[in-house]
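Q: Sequence:
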Amino acid sequence: MILVTGATGQLGTAVIQHLLRKVPASQIAAFVRDDSKAANLLKQGVAIHVGHYDDTDSLDRAMKGIETVLLIAGTDEENRVHQHQNVVDAARKAGIHRIAYTSRALKDPTTLVNRLMEGHVHTEQYIKASGLSYTLFQNILYMEAIPQFVGGEAVFERGIHLAAGQGRVALALRSEMGEAIANALASPSEGNLTYQLTGRESYSFYDVAASLTKLSGKIVTYTPAEPATFIAQLMGRGLPQLLAQRITGFVTDIANGQEDIISPDLEELLGRKPTPLNEGLTLLYKL
1 MILVTGATGQ LGTAVIQHLL RKVPASQIAA FVRDDSKAAN LLKQGVAIHV
51 GHYDDTDSLD RAMKGIETVL LIAGTDEENR VHQHQNVVDA ARKAGIHRIA
101 YTSRALKDPT TLVNRLMEGH VHTEQYIKAS GLSYTLFQNI LYMEAIPQFV
151 GGEAVFERGI HLAAGQGRVA LALRSEMGEA IANALASPSE GNLTYQLTGR
201 ESYSFYDVAA SLTKLSGKIV TYTPAEPATF IAQLMGRGLP QLLAQRITGF
251 VTDIANGQED IISPDLEELL GRKPTPLNEG LTLLYKL
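Each residue of the sequence shown is one higher than the last, beginning at 1 in full-length UniProt numbering.
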C-alpha cells in the first residue's frame with residue numbers, strides 16, 4: 001500500500017495518475033487537506049485520508065496498513081521542517097517499510113542564498129536519522145515554472161529580466177518527474193536510494209530566450225539584472241519586500257550554479273529521454 005501526501009497538488013496528482021497505471025487503485029492511498037478536491041481520486045478507487053501535517057492524529061490514522069509513504073514537501077516554508085518531521089515520526093510509529101521524500105537538487109546547500117531551501121536538507125537529515133528505509137527524490141526546477149519566472153505571455157513584449165546571471169538549470173518537466181517517482185515507488189525498494197531528477201542538459205535564460213524567439217518568431221531577449229535592482233522591480237509590481245527577497249535569493253542561487261546539475265536518474269526511471277527545452281516550451285506556451 002502506497003500513501004501519497006499532498007495528493008491533490010500538481011506533483012501529487014501526476015504521481016498518482018502514473019501509479020494507477022502501475023498498480024491497482026486498491027494499493028494507493030491519498031492524504032489530502034480537502035476531500036472535495038479528491039473526488040476524482042475517490043472515483044478511481046483511491047483511498048482518501050483527510051488531514052494535514054500539523055494534525056498528528058490524522059497522520060497516525062493515514063499510516064495504518066501503509067508500506068510506503070511519499071512525503072511531498074509542504075508549501076508552508078516557515079514551518080514545513082517541523083511538519084515533515086511529524087510525517088516521519090508517524091511513519092516510524094506505524095512501522096512502514098519505506099519513506100520517500102521530494103527534495104531539491106542543489107549543488108552546494110552550504111552556500112545557499114535562499115536559506116529556505118535548507119529545509120530540504122534538514123528534512124533529509126531527519127529521514128536518514130529515523131532508521132527507516134528511504135528514497136530521496138532531489139528534483140530540479142520544474143520547466144513548468146518558466147512562464148511564471150519570465151512573466152508568462154508578457155515575455156514576448158518585454159523580454160526576460162532576472163537576477164540569474166549566466167546561471168544554468170537542467171530543467172525538466174514536473175509531469176515527467178511525477179512519472180519517474182511513480183515508477184520508482186511501484187518497484188521493489190533495494191536499500192536507501194537517492195535520485196537526482198534533472199534534464200539531460202542544463203540551460204541558461206539566454207537559452208530560454210533564444211528558444212522562445214525561435215519558436216514564436218518574436219524576438220525575446222534576456223537581460224540579467226543586479227539583485228538589488230531585481231528586488232526593486234518585484235516590489236514595483238506590488239510584491240511584499242520579504243517575498244521579493246526570497247524570489248531574488250532563489251534566482252541568485254541559479255546565478256551561482258546551484259542548479260547546474262545533470263544526472264541520468266530521470267532518464268533511467270522514465271526509460272526514455274526527458275523532454276528537452278524546445279519541446280517543453282512548445283507545450284507550455286502552446287507554440
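Quick caveat, the hints were computed from the structure, so don't treat them as lab data.
Remember, it's a predicted structure, so these values are computed and weren't measured experimentally.
A few of these clues could be false.
In silico EDC-like links for lysine to aspartate or glutamate, alpha-carbon gap of 16 Å or less [as the list claims (entries may be wrong)]:
1. 218 - 201
2. 93 - 55
3. 214 - 279
4. 93 - 118
5. 273 - 201
6. 218 - 153
7. 286 - 201
8. 64 - 34
9. 93 - 144
10. 128 - 89
11. 64 - 89
12. 107 - 118
Cβ pair distances, simulated, as ranges [said to hold, decoys possible]:
13. 201 - 129: 33 to 39 Å
14. 228 - 189: 42 to 48 Å
15. 97 - 125: 18 to 24 Å
16. 279 - 64: 41 to 47 Å
17. 82 - 166: 21 to 27 Å
Virtual Cβ for every residue (Gly too), placed ideally from N, Cα, C.
Q: Tell me if the straight-line CA distance from residue 286 to residue 201 falls inside 16 Å.
A: Since the Cα atoms of residue 286 and residue 201 sit roughly 22 Å apart, the hinted pair is violated (cutoff 16 Å).
Q: Given the proposed pairing of residue 93 with residue 118, does the C-alpha separation stay at or below 16 Å?
A: violated, 26 Å
Q: Does the alpha-carbon distance linking residue 64 and residue 89 stay inside the 16 Å limit?
A: The hint holds at about 13 Å.
Q: Is residue 273 within 16 Å of residue 201, Cα to Cα?
A: Measuring from Cα to Cα gives roughly 11 Å; hence the hint holds.
Q: Between residue 218 and residue 153, is the straight-line Cα distance small enough, at 16 Å or below?
A: Between residue 218 and residue 153 the Cα gap is close to 12 Å, so the pair holds against 16 Å.
Q: For the range 33 to 39 Å, tell me whether the beta carbons of residue 201 and residue 129 fit it or not.
A: Given range 33 to 39 Å: holds, Cβ gap about 35 Å.
Q: Can you tell me whether the CB distance of residue 228 to residue 189 sits inside 42 to 48 Å?
A: holds, 47 Å
Q: Please test the hint of 41 to 47 Å on the beta carbon pair from residue 279 and residue 64.
A: The hint (41 to 47 Å, Cβ to Cβ) holds, given that residue 279 and residue 64 are roughly 43 Å apart.
Q: Return holds or violated for the Cβ distance of residue 82 and residue 166 against the range 21 to 27 Å.
A: violated, 37 Å
Q: For a C-alpha distance cap of 16 Å, please report whether residue 128 and residue 89 respect it.
A: holds, 12 Å
Q: Between residue 214 and residue 279, is the straight-line Cα distance small enough, at 16 Å or below?
A: Holds, at roughly 12 Å.
Q: Residue 107 and residue 118 were given as a pair; does the straight-line alpha-carbon distance stay at or below 16 Å?
A: At roughly 12 Å apart (the allowed maximum being 16 Å), residue 118 and residue 107 satisfy the hint.
Going through the hint list in order, the structure does not satisfy hints 1, 4, 7, 8, 9, 17.
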